[in-house]
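Peer 1: This is what each chain is made of:
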Amino acid sequence: MTPLNAKIQEVFSEPACGINQGKSEKERKKGCAKQLQPGGAAGGCAFDGAKIALQPFTDVAHLVHGPIACEGNSWDNRGARSSGSALWRTGFTTDMNETDIVFGGEKRLYKAIKEIGEKYDPAAIFVYQTCVPAMIGDDINVVCKAASEKFGRPVIPVNAPGFVGPKNLGNKLAGEALLDHVIGTAEPDYVTPYDINIIGEYNLAGELWQVKPLLDELGIRILSCISGDGKYQEAAYSHRAKAAMMVCSKAMINVARKMNERYEIPFFEGSFYGIGDTSEALREISRLLISRGAPEELMARTEALIAREEAKAYAAIVPFRYRLEGKRVLLITGGVKSWSVVAALQEAGLKIVGTSVKKSTKEDKERIKQIMGEVAHMIEDMTPREMYKMLREARADIMLSGGRSQFVALKAAMPWLDINQERHHAYMGYDGMVELVRQIEKSLYNPIWLQVRRPAPWDGEGRIAKLGMAMAAE
Amino acid sequence: MAIVSQVKKSCTVNPLKMSQPLGGALAFMGVCNTMPLLHGSQGCTSFGLVLLVRHFKEAIPLQTTAMSEVATVLGGYENVEQAILNIYKRTSPDLIGICSTGVTEIKGDDVDGFIKVFRKNHPDFINFPLIAVSTPDFSGAFQDGWEKTVTRIIETIAPMPSGRRAETRVNVLPGCHMTPGDLDALRQIFEDFGLEPSFLPDLSGSLDGHIPDDFTPTTLGGISVDEIGKMGRAVWTIAIGAQMRTAAEALERISNVPFRVFERLCGLVANDEFFAFLAEISGQPVPQKYRRQRSQLVDAMLDGHFHTGGCKLAIGAEPDLLFDVGSLLHDMGMELVAVVTTTASPVLDRLPTEEVLIGDLEDLESRAKVRGAEFLITNAHGRQMVARLKLPFFRIGLPIFDRLGAAHIVTVGYQGTRDLIFAIANMLIAHREVHHDVNQASWCPTMEQESL
Ligand code: SF4
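For the protein sequence lines, the chains are A and B, in the order given.
One point on numbering: in the working numbering, the residue at position 389 of the first sequence is 389, and numbering is uninterrupted.
One point on numbering: in the working numbering, the residue at position 105 of the second sequence is 105, and numbering is uninterrupted.
It should be emphasised that the hints constitute simulated quantities derived from the structure, not laboratory data.
It cannot be assumed that every hint is accurate.
Claimed, not checked - To give a feel for the contact side, a few chain B residues facing chain A, derived at Cβ under 7 Å:
hint : residue
1    : A2
2    : S10
3    : C11
4    : T45
5    : F47
6    : Q63
7    : S68
8    : G75
9    : N79
10   : I87
11   : V103
12   : E155
13   : T156
14   : M160
15   : P161
Unchecked claim - List time: in silico SDA-like cross-link candidates among lysine to any residue, alpha-carbon distance up to 25 Å:
hint : chain 1 : residue 1 : chain 2 : residue 2
16   : B       : K57       : A       : M135
17   : A       : K111      : B       : K8
18   : B       : K369      : A       : T90
19   : B       : K57       : A       : R385
20   : A       : K389      : B       : V53
21   : B       : K116      : A       : G79
22   : A       : K369      : A       : E386
23   : B       : K230      : B       : E155
24   : B       : K107      : A       : M135
25   : A       : K119      : B       : I358
26   : A       : K111      : B       : I358
27   : A       : K119      : A       : A146
28   : B       : K89       : A       : E386
29   : A       : K107      : B       : K89
We put the beta carbon where it would ideally sit given N, CA and C, even for glycine.
Kindly generate the complete structure, drawing on both the sequences and the hints.
Peer 2: Here it is in structure tokens:
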């Protein structure tokens with residue numbers, strides 16, 4: 001078995017993963033994702049997933065080893081934000097040509113690393129493997145090792161070529177790269193009893209900055225965020241944190257679990273989407289920190305902050321309530337994010353008439369039932385056509401989803417809101433939920449809907465058409 | 001006369017180039033009720049899809065043969081077979097267009113061979129249009145994929161010469177630099193000369209941002225397979241952009257339709273050529289409307305040249321778009337100081353500049369900086385460099401994901417040229433007002449002190 005395959009097997013049998021616990025040994029080996037059907041629409045590849053997970057590290061040069069397709073067609077398309085360096089947004093690729101295919105791409109890769117070091121002087125270089133060099137046998141581990149030694153700069157191999165699987169596998173393989181080569185390789189200048197890691201948070205639309213002031217107020221320090229607005233150094237000394245929060249479902253559970261195993265950093269799985277969830281997460285953070293020796297009084301301060309912020313947020317949502325009461329929402333998104341926003345939507349009077357559960361676990365589904373009641377449709381795998389029909393027939397008033405399915409809603413002349421990767425608004429934390437409700441209200445009550453749904457004068461119910469019919473009848 | 005050179009470096013930084021299969025897939029999207037299929041791993045399709053969705057702000061039909069690591073070793077026949085069957089079952093398209101990728105080219109998958117075997121195994125599909133194009137990611141660029149695909153469509157659907165030619169029918173083969181808006185404008189021009197154009201590919205029907213009556217998973221609109229089959233009856237083929245020469249030659253070879261390539265449709269002289277040609281082949285005088293538009297363009301050039309004259313331009317685009325727009329701005333007095341493109345083309349050494357680089361946006365940025373460029377034109381990816389260089393920035397090409405209306409930017413015809421000149425001149429004026437305008441203090445620095 002190649003080292004990469006061994007890694008994949010290891011990731012597949014992740015013991016902390018809830019889904020895995022219910023599987024037999026044999027099922028587990030097959031991996032997390034159903035084999036993709038040829039002739040179907042495609043989700044992202046493992047390389048895509050690895051890049052999503054790591055690219056938010058801002059002071060790192062992200063070098064994609066492969067032909068132009070992998071980086072050329074995709075660079076500068078992520079919604080993360082940086083408070084410092086813009087290096088993370090720069091598109092680096094070896095852009096392999098036919099000669100490289102024939103003679104192997106390792107030399108070009110090595111030279112590319114050298115050029116980046118000389119021109120951009122990054123804190124580190126992450127090298128992403130892709131399908132073509134993997135097929136022709138380019139060994140990025142060897143090249144990265146040689147380059148690190150030669151140039152005296154961390155050069156980290158991220159071994160997740162697209163064809164090994166889907167995005168979520170890539171997330172985990174990215175985590176493995178951090179565990180193998182980055183975490184634990186440096187020491188922080190000082191530590192405090194209030195140091196935490198946040199794992200699997202990408203700072204989309206800068207939303208982490210909506211939560212950070214709350215942590216600051218409590219005196220809690222984000223020692224390292226993996227990877228939103230993160231720095232290489234911070235990840236390197238993240239093993240000195242006292243506790244960790246794992247965000248965004250199971251994407252990087254392997255990182256949280258192994259850091260617990262290796263460095264005894266306790267972690268919990270939480271979310272900053274939704275008012276209740278945010279409060280819960282703050283409580284958990286404080287609880288874990290206290291269990292690791294932080295003063296007990298932290299909890300009282302946390303509770304006071306929660307009480308204040310919740311009251312403020314709910315008060316801010318109330319004015320929207322009479323406008324939103326009873327409006328029906330179709331929520332199409334991957335996994336956990338769904339139920340973490342549901343509570344806030346319900347608080348605003350909205351009704352969830354359907355939600356996707358494609359990526360959810362059994363427990364997730366139970367929880368959805370608990371929160372939303374039996375009436376909510378759990379949609380396993382809805383074709384665009386079905387979504388379109390549901391909207392067109394007005395069985396929902398607004399759809400919240402990722403950018404890919406937006407046209408399904410818009411072409412049905414139905415309100416739509418982006419709640420994934422590319423959105424422009426930050427929905428995290430207390431303020432974020434109020435913002436989400438505000439955006440929904442803005443979208444539902446935009447005067448365009450009545451206009452765009454009107455038939456043209458010459459169609460259906462339109463004026464000329466009716467006249468025409470009347471004339472034909474005469 | 002420009003010297004064309006390839007940059008010597010190992011790391012491409014901020015790519016301008018996109019991959020061949022994506023250009024190929026987009027060409028298929030200009031054929032009605034088609035499903036483009038990338039023969040490769042899932043990620044290639046996913047990235048391509050996201051890119052085109054962000055550009056056109058439309059649902060994009062694009063599927064994958066979903067080659068896993070194991071499948072790439074064993075070869076992809078089964079995946080191609082299953083993909084065709086699944087697509088057919090689910091969407092009943094009129095055409096499935098298959099573009100290969102790096103992964104499947106390395107393995108050496110012979111998709112044409114696969115199609116033969118497939119037809120043998122599934123006699124129901126004996127006449128079903130399946131077109132395979134070889135578009136490895138590791139050579140060429142977007143424009144090449146488009147060019148090859150159009151040529152393959154013509155070769156495969158082979159419009160036979162019919163006994164009688166339809167006097168008013170013309171074929172139009174637009175390069176990938178033509179937007180749906182350009183095609184609409186061209187259609188109008190042809191029709192005003194009493195000509196009936198068939199566009200291949202026709203993105204104006206499929207990706208022009210209209211609201212359909214139903215949601216279909218394949219392309220909506222575009223040229224029909226039937227109509228492609230009748231292209232042999234036309235009296236002329238008009239190829240737009242040097243990239244379309246091969247396709248026009250194929251059509252001539254197969255159906256005996258003579259062709260003419262228009263490398264530019266932006267600019268006064270280029271359009272004089274074009275309109276004169278249309279008048280000749282149609283036997284119609286140039287309609288009054290276009291005479292008027294010509295004079296409006298002349299006026300726009302006179303008004304615009306104050307602002308464009310002497311302006312130092314940095315431009316990055318695929319060859320045909322670069323040649324078209326770059327030449328226009330040279331015609332308007334700009335100096336092309338930094339010029340970068342993606343792939344080889346016969347037009348490049350005729351660009352009115354000293355050096356054309358086949359390179360990336362890092363090259364464009366460094367040259368723009370050193371040579372004091374005052375204006376940048378490239379796709380949306382220029383936004384990062386422009387934040388550093390603080391230049392006025394006009395977006396053309398693909399992708400344009402951070403502004404609306406990319407599909408409706410029109411550069412063809414007298415009118416399109418006129419509007420482009422206005423848009424660019426206005427941008428330069430606005431930039432100057434914000435950044436360099438003279439005020440009393442800068443005009444007469446001592447005044448402030450005097451008034452004290
Ligand atoms: S599937 Fe492979 S070749 Fe395609 S984008 Fe992903 S890594 Fe690149």
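Peer 1: Is the hinted pair K369 (chain B) and T90 (chain A) satisfied, with a Cα-Cα distance of at most 25 Å?
Peer 2: holds, 17 Å
Peer 1: K369 (chain A) and E386 (chain A) were given as a pair; does the straight-line alpha-carbon distance stay at or below 25 Å?
Peer 2: holds, 22 Å
Peer 1: Return the status of the interface hint for C11 (chain B): holds when the least beta-carbon distance to chain A is below 7 Å, violated otherwise.
Peer 2: holds, 4 Å
Peer 1: Regarding the hint that N79 (chain B) lies at the interface with chain A, is the smallest CB-CB distance below 7 Å?
Peer 2: OK, holds: N79 (chain B) within 7 Å of chain A, min 4 Å.
Peer 1: Against the 25 Å threshold, does the CA-CA distance of K107 (chain B) and M135 (chain A) hold or violate the hint?
Peer 2: Since the Cα atoms of K107 (chain B) and M135 (chain A) sit roughly 8 Å apart, the hinted pair holds (cutoff 25 Å).
Peer 1: Below or equal to 25 Å on CA atoms is what counts here, so check K107 (chain A) against K89 (chain B).
Peer 2: Between K107 (chain A) and K89 (chain B) the Cα gap is close to 46 Å, so the pair fails against 25 Å, i.e. violated.
Peer 1: Restraint: T45 (chain B) near chain A, CB-CB cut 7 Å. Satisfied or not?
Peer 2: holds, 4 Å
Peer 1: Do the alpha carbons of K119 (chain A) and I358 (chain B) lie within 25 Å of each other, as the hint requires?
Peer 2: holds, 20 Å
Peer 1: Compare the distance between the alpha carbons of K116 (chain B) and G79 (chain A) with 25 Å, and conclude whether the hinted pair is satisfied.
Peer 2: violated, 45 Å
Peer 1: Holds or violated: the hint that T156 (chain B) contacts chain A, with Cβ atoms closer than 7 Å.
Peer 2: T156 (chain B) check fails; min Cβ-Cβ to chain A is 20 Å, beyond 7 Å.
Peer 1: Hint validation: E155 (chain B) versus chain A, beta carbon distance must be below 7 Å. Holds or violated?
Peer 2: Since chain A brings no Cβ nearer than about 24 Å to E155 (chain B), farther than 7 Å, the hint is violated.
Peer 1: Measure nothing beyond the straight line between the CA atoms of K111 (chain A) and I358 (chain B); if it is 25 Å or shorter, mark the hint as holding.
Peer 2: It holds: about 19 Å lies between the C-alpha atoms, which stays within 25 Å.
In summary, the numbered hints that this structure violates are 1, 8, 12, 13, 14, 15, 16, 21 and 29.
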